[in-house]
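**Q** Take a look at the letters that make up each chain.
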Amino acid sequence: MEPMEVFKVEIPGEPFGEKKYRELIMDILQDLGLIRSLGRLYVYMDIKRPAFAVYGLIRSGIPPLKVRDLGDVAKAEGGYQIKVNNEEHMADLLKALWAAYGRERAEQPMRDTVVIASDKDPSDMVVTDLEAKFRQDLTDALIRVAPEGFRNRRNEMTDNSFFFIAAEESLTLELVSEMREQIRRMENA
Amino acid sequence: MLEPVMFTGGVYKHDMVVELVEDLGGYVLQKNVSQSEVILLILLPSEDMPALKALVSELRGELVRAPLAGTEIAVVTPTLAIHHLPHSACDIAEYLRRNGAKTNMIGLARGVGREIAQINEYEAGLVNEHDAAVFIFGNFADCIKKKESLYRSISVPVIVTGGPEIQACNLPYAFEYVPTVGRVAHRAKKATELGSLDKIIDAVGRALDKARTDIAKDPLTTSPPRVMDAVREQVPEVEYSFAPLPIALDLNGVRVKLPYEEYADRVEAVKFDEGVNLGEVATVKPSKMKDYILVRILPASETGFTF
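Protein chains in written order, with the numbering used here: chain A, 1067 to 1255; chain B, 534 to 840.
Quick caveat, the hints were computed from the structure, so don't treat them as lab data.
Take every hint as true, because none was put in to throw you off.
Reference listing, derived: stretches of chain B covered by chain A, where coverage requires no fewer than 3 residues with Cβ under 8 Å from a Cβ of chain A:
{"no.": "1", "stretch": "612-626"}
{"no.": "2", "stretch": "643-650"}
{"no.": "3", "stretch": "695-707"}
Quick list of in silico lysine-lysine cross-link-like pairs, DSSO-like style, CA-CA up to 30 Å:
{"no.": "4", "chain 1": "B", "residue 1": "743", "chain 2": "B", "residue 2": "564"}
{"no.": "5", "chain 1": "B", "residue 1": "723", "chain 2": "A", "residue 2": "1074"}
{"no.": "6", "chain 1": "A", "residue 1": "1074", "chain 2": "B", "residue 2": "679"}
{"no.": "7", "chain 1": "A", "residue 1": "1085", "chain 2": "B", "residue 2": "678"}
{"no.": "8", "chain 1": "B", "residue 1": "732", "chain 2": "A", "residue 2": "1085"}
{"no.": "9", "chain 1": "A", "residue 1": "1085", "chain 2": "B", "residue 2": "679"}
{"no.": "10", "chain 1": "A", "residue 1": "1114", "chain 2": "B", "residue 2": "679"}
{"no.": "11", "chain 1": "B", "residue 1": "722", "chain 2": "A", "residue 2": "1074"}
{"no.": "12", "chain 1": "B", "residue 1": "743", "chain 2": "B", "residue 2": "732"}
{"no.": "13", "chain 1": "B", "residue 1": "723", "chain 2": "A", "residue 2": "1085"}
{"no.": "14", "chain 1": "B", "residue 1": "678", "chain 2": "A", "residue 2": "1114"}
{"no.": "15", "chain 1": "A", "residue 1": "1114", "chain 2": "A", "residue 2": "1085"}
{"no.": "16", "chain 1": "B", "residue 1": "722", "chain 2": "A", "residue 2": "1085"}
{"no.": "17", "chain 1": "B", "residue 1": "678", "chain 2": "A", "residue 2": "1074"}
{"no.": "18", "chain 1": "B", "residue 1": "564", "chain 2": "B", "residue 2": "722"}
Not everything, but these chain B residues come out facing chain A in the computed CB check (under 7 Å):
{"no.": "19", "residue": "672"}
{"no.": "20", "residue": "673"}
{"no.": "21", "residue": "675"}
{"no.": "22", "residue": "715"}
{"no.": "23", "residue": "718"}
{"no.": "24", "residue": "719"}
Ideal placement from N, C-alpha and C gives every residue a C-beta, glycine not left out.
Excised from the complex, chain A in its bound form (with noise of 0.2 Å):
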């Protein structure tokens, strides 16, 4: 998948800024692992006023990670064995297994495996929800990228965009619209 299909920054007066904005928002993005999740990007600043305002498409639909994601269920004795492959979620694993079955029910007598002491069939219990991860780093992304004197800020996120906004003198309404008239004119040049 492309990680962006299109990218756009606009900082009237700025050029340098605008091409700096530019590979500081990549860095930030390629940090947070972000940057396949997003599909347009718009960036709009006027230094002079000043405000700061992102509008993005993400590619949703991120699936809630299961327990057969993470590696094989097979029936064992007494119970349930998983055979761990991918170790970054094994926390969220545990803390899963045990919100269901009890701390005495769900052991990790190896690095990679965990035993289950009950009949019930763990595959299609969900580990944790990706998506609100992800919606958890995007803001924290986007609070990175913004300038850090702009501690006025509003993010508003629907399931396949965000809108975010930020400025050093409280946000009125002119100044929302203002800014979203002018990422609109990035979306339609």
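Following the hints, put chain B in place on chain A, whose structure we already have.
**A** Then chain B, alone, in the frame of chain A:
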């Protein structure tokens, strides 16, 4: 004239270097031991440099010139938040340290933004205790010009760094402006980025040279390394200070990292071979940094003599 150099070598037999420096009338400013390696910052009379070079080559060590040795530089960022740290600020501080300077990183409480950026009296006072300051700004020319208010009240030379090219005439309060640094989200590793760091070092070097020239017009009564040596000898408790550099050298004095209330009198009473006390040739006052002691050596025009 004392020449600042940095020795890097093994811990084994490094005492020979220290002894030679002391025998030749030089000073060991700082000693950093990390595992089996030792780094010494040294001030040595330039005519004796061949003797030290010979010993260092015998010990298979390395000796390089450290133009910023014996100076304290403030690296000032608008805040200590993730927007400014760790990348550009740490890179600059690290680069200054490699050239021998003692750096202190200062994050302003309310230095952020374009319209709302400000510096308070305490922060300005703290920066003024250094020999020079490097202010690290971002990528927008308009903001960098606007943020001049942050360093207008600073009396030491200020080197401003930022991203875009800006004419020096637009930043009248800065000693120099170094472009192509700005806000970045990665460590400096490309040749161009390292080149920009070298430019900062050069600018700081020029600022310190100017400060040295100003001091030379009315020389100090005694030299800061001599004060450091005397304090170290007569107030031995300073060696037990937890600070990595218990006595930091400035161009016009020293910062003794001991509590002012307890030790100021003893520091003032430090006696030199010439028969004068430190209190007679320097002002001893509380530093803005923690509860340390700040010693500022008086110029010859005030005391009427030098030694």
